[in-house]
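For the protein sequence lines, the chains are A and B, in the order given.
Residues 699 to 1412 (this note's numbering) make up the first sequence, in order.
Residues 699 to 1412 (this note's numbering) make up the second sequence, in order.
Think of the hints as simulated: they come from the structure by calculation, not from any bench.
Be aware that a few hints might be false.
[Stated by the list, open to error] Now the stretches of chain B that chain A is said to cover, found in silico as 3 or more residues with beta-carbon under 8 Å:
#1 855 to 864
#2 1043 to 1050
#3 1131 to 1143
[Said to hold, decoys possible] Some residues of chain A that are not near chain B, with every Cβ distance over 10 Å (derived):
#4 Asp813
#5 Ala876
#6 Asp1018
#7 Arg1019
#8 Arg1110
#9 Arg1173
Positions of the beta carbon are idealized from the N, C-alpha and C atoms, including for glycine.
Residues per chain are reported as follows:
Number of protein chains: 2
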Amino acid sequence: MTASRLARFFAPRSIALVGAADTSGWAQNIMLSSQTVGFSGPLIPVHPRHKEVFGQPAIPSLRQLDGPVDLAFVLAPQHAVADVLDDAAAAGVRNAVILASGYREVGDAGRDLQDRLIAHAVKHDITLLGPNCLGYVNAHARCAPFGFIVPPPLTAGPVGIVLQSGALATDVLAFARAHAIGVSVLASMGNEAMITTTDVIEYLIDDPATKVISLFLEEISSPGEFSRAAGRAAAAGKPIVALKAGASPAGQAAALAHTGSVTGDDAVVGAELRRLGVIRVTSLEELLATAALLGHARHPRGRRMGVLTTSGGACDIIADRSAAAGIEVPEFAPQTIAAIQPLLPPFASARNPLDVTGYTLAHRRTSALTPIDHALDAAASDPGLDFILFGGIRLPDARPANEGLAGLIEERLDWLAGRIASAPVPVIPVNATCVDISRYAREQLTCRGINVLPSIGLGICALQNALWWVENAGRAAAGRSQPAPAQPLLPAPASAPDGPWSELAARQFLAAAGVPLVPAELATSAEEAAGAAVRLGLPVALKVCSAQITHKSDLGGVELGLGSPAEVREAYRRVRAAGDAIPGAQVDGVLVTAMRGGGLELLAGVTMDPTFGPVLTVGLGGLWVEILRDISLRVLPVDPAEVKRMLNELRGAALLHGSRGRPRADLDRLAAVVCALGDAAVSLGSSLRALEVNPLWVSGGRVEALDALVVTGS
Amino acid sequence: MTASRLARFFAPRSIALVGAADTSGWAQNIMLSSQTVGFSGPLIPVHPRHKEVFGQPAIPSLRQLDGPVDLAFVLAPQHAVADVLDDAAAAGVRNAVILASGYREVGDAGRDLQDRLIAHAVKHDITLLGPNCLGYVNAHARCAPFGFIVPPPLTAGPVGIVLQSGALATDVLAFARAHAIGVSVLASMGNEAMITTTDVIEYLIDDPATKVISLFLEEISSPGEFSRAAGRAAAAGKPIVALKAGASPAGQAAALAHTGSVTGDDAVVGAELRRLGVIRVTSLEELLATAALLGHARHPRGRRMGVLTTSGGACDIIADRSAAAGIEVPEFAPQTIAAIQPLLPPFASARNPLDVTGYTLAHRRTSALTPIDHALDAAASDPGLDFILFGGIRLPDARPANEGLAGLIEERLDWLAGRIASAPVPVIPVNATCVDISRYAREQLTCRGINVLPSIGLGICALQNALWWVENAGRAAAGRSQPAPAQPLLPAPASAPDGPWSELAARQFLAAAGVPLVPAELATSAEEAAGAAVRLGLPVALKVCSAQITHKSDLGGVELGLGSPAEVREAYRRVRAAGDAIPGAQVDGVLVTAMRGGGLELLAGVTMDPTFGPVLTVGLGGLWVEILRDISLRVLPVDPAEVKRMLNELRGAALLHGSRGRPRADLDRLAAVVCALGDAAVSLGSSLRALEVNPLWVSGGRVEALDALVVTGS
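The task is simple: from the sequences and hints, build the whole structure.
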């Protein structure tokens, strides 16, 4: 799907509506939507039986076109679609949107139909969006081959929107209208039989009108392509914001390894989006507010925010929300305070966040600028602030009848637009509560290029997202060009059974991969165990060693802290007996291992995600993982720097940094070991089902795997 | 402040505007707001110099009134207010709103002025709202002595609103208008010099038009009164929803005890609101959406939600948000599926959450009801559902020009209003994204008593809040009548110094209060220590005992796990020396205590909150508190049942319930001990600064304080 082909697809100057009839809501919506965006090209109804549709003459087939149209919107029922494509090809039509359902989404029979549809389109060299899709809107190209309602007016602007659920489009566009958020292209993807979500992202990266890309995703079907597109977007400086919905059922390999039980697929998606520098949001409003901020406003360079409002309550709410979002509201500089104080009533004080108070609004207006505007000039020059959140735009529902007053309002907006464009730091207007801006406000603001964040809550949320993007996009862009690390050359494992390996085999495999393990010996008698214990140094742990026994401790197959040879001998007999009692278990012996104390225990494991492949999980051992689910995930491969970021994401990270007199863990060494473990897992290829070290012990610079589990399968 | 007096205050039939002038924005707003709510009584301008205000004849003083008005809105500047009150008294005016600022909010001088103002009002038997306040709006009584803009139209309804920041009013009312949320009274509280927030809450509890009370709070100045009002509201079945902003600086006693460093005042507020059954929210939109749901809709009886939408994407988002909010979306019953399936296109399936698909909207409408309406009938009868979230109301921006279509839409709304009123379970309409409803929609919905939740996000949030209230309000109402427990009769502590007690004194105090302590003896020589260790059972811990040394372990004043008399003797010398090395410390000796292992360690402590008094904190010991801040708080006193709830609120509560083979803690025993500790703290009265047991050890039914800290002061 080449860029030029998609650019033509998304900017038709003539459209045929195949299957349009007066009774079709879809066709009616296309007519209305086209009117809303100001489509000026021909919109030609095509219907085998109707002579007239919506009062326009209709032709019976695309073959009757005078010349080719740029795009056919195919409303025809499924059984007629193939013939319509034949007609299109005959008429020289190269682009089509297919509305009909009943393809891949209904199962195997539909999938066959879809495959045949695509083969047909490819044969005719037709570029196709859908099937089972509503089409798209391109506000800049002023076309809307789109089967749902586009609430008028639509503001053309920087936000590209890709929806894997097209039925959301009207609600998304209604919110965009409510806040005059400028849209470039909105596309409903349907079944993505030919043009995929990633294709549209790539197109929007190249589209000069689009500055930010917002996605509603139900699935990421080609993670590799998605990852490349995200990298290109980051390199192009175009943020991607995604609402990814729906967690799919946990992978089947999860049950055996503990990692699996805490690694939901959704968490993998979250980790991967974070790694790619994609902003993840949880509502459509947050999606659009974030995109609007990134698309319309200058990007803040840091987290120090100046706040100007007309209400103490708004200051309180902004302060609380900012603190929760990690946005700072520092004191104003002395010269800022000196400049602002004279603007305020005597009972108010010039501090950040600033409440200029309702009193400043209470007198009949005689000049364009109000005290909050002068405060803006002062705050925007404050050297200690990175951006200004400006709560001072409050426009009436309609243009005042009083021409003088209307003139003052509009003169002020001219001034404000100039300040927003030229202020030393970004000035970001915000509305207090999430209500629609009026038609008057939309007209006045849009023509001056001013966009107002929808509400304090959404505004702070959007700022938090934008700041995260500013801080992380560079890395995401850099990460893109990084080649996947070469797979380590490991000795082929002695056996790669369908199922879990014995701990001994797992230990040997990890050791070969460069993962340090706690010293251990396999004993097959009580005497051997006692001898090993003395060689390893008392106290020791004993663990039954068998590929068939994975939950050893639940079965009495583990004993810890054995302090004398006599204790070891007795423990050997109990542990061995516990293993021998398991039906069908082949017991290799009993593993005698040194004990480790002090330090910290972690979990490091790899599971297979059905979409993304091998996924690394790290967490602090024991309760941190079991009760708090305090883990960090990444799709493999990773490098040691990324593992360090994973470790620092943990809520318990302070433990690694040496809290309360505990020794600081050597994160470089730890990250190197975890990386080696990840590479070992990757080297098992598609036979990997799970690999886990739990606990992975660290004390200062010493790192050792105290246990090892490997599960493979076909 | 009697109920009847407030009822008269909030429903005046005639109002004087004292100090009104054509140039006053405040006065203009009162005129406009009065018009918006349909005030029909006289609105009399009073001004010493202007003969005419807003085209109406003005009188020079209240003394020139023909007869008393019900309320005077005093716009006069501060220096004139006392005279205006004299005039009001002379004219028989008994109620006044005072706009002027410059009182308590500006410091001590203002506080004096305010005290004199109130004395003046009391002398004249005038009920007064303010000063420094904007007044109020009463939508049912159709009056609006209110100095800010009330965006028209205002829908009268069940939601009472009390704002400690009046300047938020316009934004709050704009959101209410946007979603046709019905308002009863909105009051701006100002300085609360006479009528307090609690007074207005009490009035709204008695006001038959108010069904739910929403608050914007900057402070809770009288926690006792607030608590009583909350209890009365709960007993009356009127939910309170509060946005409490602004965390005040941590109390000064906090630094000495560890509890203090993790107990912010804001967390205390949160705990107290939870205990009182008050819903706490974080945005104005959530405040109003929650209040609207509780005021307009029937209350759900459980958490099992049926979902009906026209979009798969909306289903995805609702499913994700519900899961996060603890709201269940169970399978439909077989008969529900059987009833719904025939309504859907063949490619769609009848499952909860239900997407009837855009296809059901695509054909020209010929009957009032659409497939989603029939699905509603089926789902509302499903025995496995507690309520229905209905995403099927989608009204056009304006009444369709086509009368037939408009008739169908309105016929459907009649049907829907009937179903909402009569369905077996509550039916709760929801909008997809947070956009204003149109004027047409407002008119059509309001006249039928239908309210639509503003958006999926706010809707799920409001439902989560409402369900919490339904589940907790009964307890809050019951808790209200519970008398504070009698203070335990404790022996007066041997010494109640200004500062920390020695651990020995703290132990004796707690023991007398019924808190079990780990056995210990005070030793003053190495030999005594060794002897004590043998009596207590080895291994033991040694701790230097001195009122002046509070962070013992940081100074080498603690040694643990001493396994032999020889070790104890050596440790004694080190610990003692560490204590003796502290300048100014009077060392009583060294405390020898038994060691406890296995089991769990908790923290239980009491600090003094400047607003609420003694506050109990419980948490799991060590890292849980230090790194995770995993604590639960309550204002004292508490009973053992409340302590059990506190323990179960902890994220680590699973540990207490015996996770991974650990013995289950006896929560009854543990709660009784914590309760005794709380009562001991309360018995110290206002001299208490901190009391803490850390760790409090529990193993099955054994509970022991392993350490004890008491700090008192004047």
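Going through the hints against the structure:
no., hint, in the structure
1, 855 to 864, "holds (count 4)"
2, 1043 to 1050, "holds (count 3)"
3, 1131 to 1143, "holds (count 4)"
4, Asp813, "holds (17 Å)"
5, Ala876, "violated (4 Å)"
6, Asp1018, "violated (5 Å)"
7, Arg1019, "violated (7 Å)"
8, Arg1110, "holds (16 Å)"
9, Arg1173, "holds (27 Å)"
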